[in-house]
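Peer 1: In case you want the letters, here they are:
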Amino acid sequence: MTMLSVNGDLRQQTEALFHRKKLVALAVPVVVLAYLVYIFISFDVMGLADRARMDNARTLVADSYSYKTHVSRDNRDNDLAFSIEGARAGTYADGTHPDWIEVQGTNMVVDLGDDHVIRFLDDTLVSFEMPDHPTINLQLVDGAVVTNLSDPVPEWVNASKTRVSITTEAGRLSYTRSKAEVFRYSLGWEMFWFTLSSPYHDVSFWDVLTGPQLDESRSNIVGAWQDFWGNTLWRHTDVFWAMWETVLMAFLGTFGAAIIALPLAFLAARNFAPVIALRFAVRRVFDFVRGVDGLIWTIVLSRAFGPGPMTGALAILITDTGSFGKSFSEALENVDGKQIEGVQSTGAKPLQRYRFGVIPQVTPILLSQILYYFESNTRSATVIGAITGGGIGLFLTQAMQTQNNWEKVTYYIILIVLMVMMMDSVSGWLRRRLIKGDDSGH
Amino acid sequence: MADISATGNLGVHSTRDAYMAMTRRRRAYGAVLLAAFIFLMVTGFQTVEARSAGGFWDGLPQLFDFPAGVVTEAWAKIDRMPANLLRYFPALIETINIAAVSTLVGAFLGLVLSLLSTRGLARWPRLIPVFRRTMDIMRAFPEIVIALVLIFILGGGPIPAMIAIAVHTAGALGKLFSEVAENADLKPVEGLSSVGANWSQRMLLGVFPQVAPNYLSYTLMRFEINIRASAILGFVGAGGIGYELRNAMTFGTGKFDLAAAIFVLLFLTIVFFDQLSSHYRNRLVKGSGA
Chain R
1 MTMLSVNGDL RQQTEALFHR KKLVALAVPV VVLAYLVYIF ISFDVMGLAD RARMDNARTL
61 VADSYSYKTH VSRDNRDNDL AFSIEGARAG TYADGTHPDW IEVQGTNMVV DLGDDHVIRF
121 LDDTLVSFEM PDHPTINLQL VDGAVVTNLS DPVPEWVNAS KTRVSITTEA GRLSYTRSKA
181 EVFRYSLGWE MFWFTLSSPY HDVSFWDVLT GPQLDESRSN IVGAWQDFWG NTLWRHTDVF
241 WAMWETVLMA FLGTFGAAII ALPLAFLAAR NFAPVIALRF AVRRVFDFVR GVDGLIWTIV
301 LSRAFGPGPM TGALAILITD TGSFGKSFSE ALENVDGKQI EGVQSTGAKP LQRYRFGVIP
361 QVTPILLSQI LYYFESNTRS ATVIGAITGG GIGLFLTQAM QTQNNWEKVT YYIILIVLMV
421 MMMDSVSGWL RRRLIKGDDS GH
Chain F
1 MADISATGNL GVHSTRDAYM AMTRRRRAYG AVLLAAFIFL MVTGFQTVEA RSAGGFWDGL
61 PQLFDFPAGV VTEAWAKIDR MPANLLRYFP ALIETINIAA VSTLVGAFLG LVLSLLSTRG
121 LARWPRLIPV FRRTMDIMRA FPEIVIALVL IFILGGGPIP AMIAIAVHTA GALGKLFSEV
181 AENADLKPVE GLSSVGANWS QRMLLGVFPQ VAPNYLSYTL MRFEINIRAS AILGFVGAGG
241 IGYELRNAMT FGTGKFDLAA AIFVLLFLTI VFFDQLSSHY RNRLVKGSGA
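Chains as they are written, first to last, in this note's numbering: chain R, 1 to 442; chain F, 1 to 290.
Just so you know, the hints here were simulated from the structure itself, not pulled from any lab data. For each residue, glycine too, the CB sits at the ideal point set by N, CA and C. Heads up, some of the hints might be wrong.
[What the hints assert, rightly or not] Straight-line C-alpha distance at most 30 Å; calculated DSSO-like pairs for lysine-lysine:
no., chain 1, residue 1, chain 2, residue 2
1, R, K21, F, K286
2, R, K338, R, K349
3, R, K349, R, K326
4, F, K175, R, K326
5, R, K326, R, K338
6, F, K187, R, K22
7, R, K179, R, K161
8, F, K77, F, K255
9, F, K286, R, K22
10, F, K286, F, K175
11, F, K175, F, K187
12, F, K77, F, K187
13, R, K338, F, K286
14, R, K21, F, K187
15, F, K286, R, K326
[Said to hold, decoys possible] Every beta carbon over 10 Å from chain R, so not counted as near; a handful from chain F, in silico:
no., residue
16, V12
17, A18
18, V32
19, T47
20, I78
21, D79
22, L92
23, I128
24, P158
25, S217
26, K255
Only chain R is shown next, with the shape it has when bound in the complex (with noise of 0.2 Å):
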């Protein structure tokens, strides 16, 4: 508050200071509205609709619930291929294929539900059933792909000679000169637990505990940890491991940089900074620590260790060692000189006197820091295990560079969630406990 002057006229001065505190309660908005109509016009907001792709919108939400069934015909050797995403261990084995196709030899049909149905016919030809419209007729003439659509062909269809691809909400059917391809989406993720290959692909639950065994070389708990946590789609343990690694980022970092950060905040603390040079140097280096950020330690220490999680380790420990010895600093400031006089007053030497007359005064005040900083920076190990090829975060680049694969993304943010989540509550537990817990200080 400003001091109101006892002798001036009170009443003169009161209505000032009104004054000015209303033109600051109308400037404040006026302000960050300006903000705002300057950003809207610099980051191009407007544009934002032309640049927005809603179609990767759709196939992202699409993906990260259901599953695509790949059901293809080679127009060469008229093969036919099914295949959960295309992949490799998600293929359907000779023979055998999803209950919603009827294969004929080289011909099939396949019922996308909702009265589409595409039909594989003789030479190449392919129809496409659907109730809003005649049928689509494919077919590969003198290597070019026909169709029977007249110009201008409708907005879901995108053709040219050498691909037609047809997109309904039923599924979608993709035309090339060396195959047919229909996607068809179903819910779920199919191949969480089981990979195709698996015989417990498919089987409830209960059928596994209880059932008859499966598989004759293993009983069916052992078959199933281990078809499950050797899943190739999903890769469980590589998932887990890269979890752990994250978390184990964080953990290194931030204990090595509190560990590395304690003796040094003693000497940049002002009551105990035994040279007034040394301690304006170190609080010097903890300021050019944490201003070099980190990003820039994470470049740096992955041209001289490589990628991996222990560059990311390292990166998160020099940055946090600025930032403890920082506040490390500050709370050693802040002790009470009593205690340490008490102890001093028994004959004790420097050494044990900053042992039971200053630790246990700035023990709390630590862990709940370093523990706070552990969980957030179980987050940042997250982002630089992005930059640096290491933990989740990589998985979740990975992922999402496909452009294809975001069922998997999905799960990926679902544990980088639930991850965050539980470091925050274990660590807000600890700090409480500590806190509460450690008033005798040994």
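Put chain F on the given structure of chain R with help from the hints.
Peer 2: Here is chain F on its own, set in the frame of chain R:
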């Protein structure tokens, strides 16, 4: 005291024995914890090293090769430095803008969420758990996740980064804000409701003046963090100085003067906003000159 003198030496002994036993037990617990911690650190580091491309001791001597290379190259081309700094200045402004807008938007969202999820202030008390969970989930999303998904849909540029950081900021600030709001005095709120103020008036006039200094201080701290986050997100494709840095890094040797200029800009910016925000935070918390 009276007890000890009454029972004589025996009482002192038993008290001392009990104390010593307690101390020994605590020391034992402490030693076990310390051993477990050291074991975790050592094995953890070995695991991480084994899963990395290069070893720790192999890489350590090379640690300064890259910075030294950058510095020598930048020094050799020091005459180009001002031009390079100028060249990347717009990108820097974009990075700062991303951080500023996302802090503004995130703080506003966090403010609303925090008031909705604070006992005694909430508009719909039954929905408090819902809003709390929302904040937890928003906070748990690493920025990179949202940014990458949005880059796929909206294309590169500042907007995906802005949204990504704003979501996380709303969750993080919402939690801090609601901790402050829990300690707010409810009497002004009661007074306002007795004269017929509606919920938003009660919040704006009764709660907000009490919590504003703390809220502003937290928001400033978040702005500092968000500048770093926005630089990192640029590196994964969201525009700004981080994006330029990635490009400069791929140019490789011979173009390190560009990387050096970006390092300098980034460093100065972070230090500048660090100092600025800590200065104003000190003023806000100590209440001088408000």
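Peer 1: State for each hint whether it applies.
Peer 2: Checked hints:
1. R:K21 - F:K286: Between R:K21 and F:K286 the Cα gap is close to 20 Å, so the pair holds against 30 Å.
2. R:K338 - R:K349: 16 Å, holds
3. R:K349 - R:K326: Within the cut-off at roughly 26 Å; holds.
4. F:K175 - R:K326: With a Cα-Cα distance of about 24 Å, the restraint between F:K175 and R:K326 holds, given a limit of 30 Å.
5. R:K326 - R:K338: 24 Å, holds
6. F:K187 - R:K22: 24 Å, holds
7. R:K179 - R:K161: 14 Å, holds
8. F:K77 - F:K255: Given pair F:K77, F:K255 holds - Cα atoms ~10 Å apart, limit 30 Å.
9. F:K286 - R:K22: Within the cut-off at roughly 23 Å; holds.
10. F:K286 - F:K175: 23 Å, holds
11. F:K175 - F:K187: Holds - the C-alpha atoms of F:K187 and F:K175 are around 23 Å apart, at most 30 Å.
12. F:K77 - F:K187: 65 Å, violated
13. R:K338 - F:K286: 25 Å, holds
14. R:K21 - F:K187: Distance ~23 Å between R:K21 and F:K187 Cα, so the pair holds.
15. F:K286 - R:K326: 19 Å, holds
16. V12: 19 Å, holds
17. A18: Holds: least Cβ distance 14 Å, greater than 10 Å.
18. V32: 14 Å, holds
19. T47: Given a closest Cβ separation of 6 Å, the condition is violated.
20. I78: 20 Å, holds
21. D79: Label holds. Min Cβ-Cβ 24 Å, cutoff 10 Å.
22. L92: 13 Å, holds
23. I128: At roughly 18 Å from the nearest Cβ of chain R, F:I128 sits farther out than 10 Å, so the non-interface label holds.
24. P158: Its Cβ does come within 10 Å of chain R, the nearest being 5 Å, so this is violated.
25. S217: Holds, since 15 Å exceeds 10 Å.
26. K255: Its Cβ never comes within 10 Å of chain R, the nearest being 14 Å, so this holds.
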